[in-house]
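Enquirer: Between the sequences and the hints, there should be enough to build the whole structure, so can you do that?
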Amino acid sequence: MMYEIWLGLNIVWELALMHKAWVIPAGTIMLILLASAIVRPPRAGRRAPVFAAGVVSAIAAFLLLPGATMAGFADLGYWVDWLLLFALSVAIGVAVAISAAGLCALIPDRWLRQIPSSR
Amino acid sequence: MKKAMAHTEPVLDAHGRARRKLLALAALPAATATISPSHAVDRPATKTSAHVLIVGSGLAGLSAASRLRRLLDGATITILDGKEIHNYQPGYTLVASGIWPVEKVVDRNADFMPIGVEWIREHAAEIDPDAKLVVTDRGRRIRYDFLVVAPGLHLDYGLIEGMDTAAIGRDGIGSVYHGHEGAVLTWKAMRAFVARGGRAIMTLPSTALKCAGAPLKMAFLLRDRLHEAGTLGRSQITFNSSLANVFGVPQVNEAVLVRWDALGISVNFEHGLKAVDITRREATFTTPLGEENTSYDFLHVVPPMRAPDAVKNSPLAWREGDFAAGGWLEVDERTLRHRRFPEVFGLGDVNGTRRGKTAATVKKACPVVTRNLAAVIAGKEPALTFDGYTSCPLVVRIGAAMLIEFDYDGRLTPTLPLIEPLQDSWFAWLMKTRLLKPAYVAVLKGRA
Chain A
3 MMYEIWLGLN IVWELALMHK AWVIPAGTIM LILLASAIVR PPRAGRRAPV
53 FAAGVVSAIA AFLLLPGATM AGFADLGYWV DWLLLFALSV AIGVAVAISA
103 AGLCALIPDR WLRQIPSSR
Chain B
187 MKKAMAHTEP VLDAHGRARR KLLALAALPA ATATISPSHA VDRPATKTSA
237 HVLIVGSGLA GLSAASRLRR LLDGATITIL DGKEIHNYQP GYTLVASGIW
287 PVEKVVDRNA DFMPIGVEWI REHAAEIDPD AKLVVTDRGR RIRYDFLVVA
337 PGLHLDYGLI EGMDTAAIGR DGIGSVYHGH EGAVLTWKAM RAFVARGGRA
387 IMTLPSTALK CAGAPLKMAF LLRDRLHEAG TLGRSQITFN SSLANVFGVP
437 QVNEAVLVRW DALGISVNFE HGLKAVDITR REATFTTPLG EENTSYDFLH
487 VVPPMRAPDA VKNSPLAWRE GDFAAGGWLE VDERTLRHRR FPEVFGLGDV
537 NGTRRGKTAA TVKKACPVVT RNLAAVIAGK EPALTFDGYT SCPLVVRIGA
587 AMLIEFDYDG RLTPTLPLIE PLQDSWFAWL MKTRLLKPAY VAVLKGRA
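Residue numbers (our numbering), protein chains in the order written: chain A, 3 to 121; chain B, 187 to 634.
Fair warning: there could be bad hints in the mix.
Stated by the list, open to error - Heads up, incomplete: computed chain B residues facing chain A, CB under 7 Å, no partners named: (1) A586; (2) W612; (3) A625; (4) R633; (5) A634.
Source of the hints: derived by calculation from the structure; they are not laboratory data. Ideal placement from N, C-alpha and C gives every residue a C-beta, glycine not left out.
Expert: Spelled out as structure tokens, the structure:
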């Protein structure tokens, strides 16, 4: 099992190297947003839109991921497929929610006060 | 120890070295070192002044070089191969069925050549293991102390009368094995056939094959493309196998035949492709009842395969038994050490072993070969053994595959115990199309 973990880490590393042109900027932005979300967690009034962004993204990922990989829902004939799709969708939803939380923290309060739903 | 007599060339230019150093600095996080398994990451080096010559710069040759660089301190390591392009061959079926662009399977060998390894850009023409000498196609004579034979194999299209590899891509001829250009041209021929439908003949020779699942995948994917194009109803796919099966592992063979029966792909056993008349689009097969001529609109040619001439014509080849005809390398199937020349090891497609001519085989066999070689250099006996592991992500349609792994004895050996090998899945499709190339590159760099 240790070998599989090692191989998995290598796969992630090589994938990142293959796509470094967008992984590096996207990763940097994600880290900034994550740090921002940790330093200034969203206040009660802002949690609902952050949560909604995560849920919507997860649902969208669930619906779009098979097609984005040249497959369709008919190809998901094994329980492992559904588990994987669910896990990937949740991961994307969480990433979007964290990014949204970080973004909220970066936006000055006076700007948000102008948006009725954020009051 | 004698050094190589060859004049050797620097492997990387300054830019390449600088880039490699940067990559090395940014190498895997230190945390991963603490969980790296013993067989994936090599232990500190054995001190030696030996000259290790590696014939071949495919996955086997390059991954062996990377590992030996770490295992051997002070050794001269030389790779002998005139090939500049590095092909990701497991991706050929995806290119040949229009799923991947060809760019995904074409890289430069220079990008993967380990620092400190000498690269002679010539091909091995003769191997004289008694004199510990390799002669190149340009007449250069290279002496070695230890030899890793990893030149891949030879596609023997010449054994099919009338076959012309220049015809691949036109006149209904496809052949996924003929390099990355062959894969592109196969898709061109397949696409033309799929547009109008007709009679497709898929072939399988009786020799050992690299990626023995590729001919099966091509049949599955052709059927899927016909279905997608709406021309399946006026088409017929026949798989002509030279053997009494279509795959050497009985359980997989049975599973494929059941699927093909349901998909309307008919199978003829003991039908070996003998000749092809390209202009008349007619193929001749040898059968137990005599020769049979068949017209076709699309013919997928899988050539007979054998060891490259440099090995086949050398004392290193099997002299008797099942592997003698193909001139395959006579290695002990467990230690992968030559049975008669103890300073010689074999890795990859060239080995005359019961199974295993895939990238997955190299992934598992390379640590065995390199560590056993290091042990021999240190004056010990080889301690590691190889179980014949190989793997075939068998694509059954666009969007689904079966993740089949097995050993020398044909036992299914799934890495992930929860995954049923004969169950087609999107998970296996994602593995094939998204994750296996990065895994391959990690093996190439000697890390996995």
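Enquirer: To test your reading of the hints: which numbers does this structure violate?
Expert: Those not satisfied: there are none.
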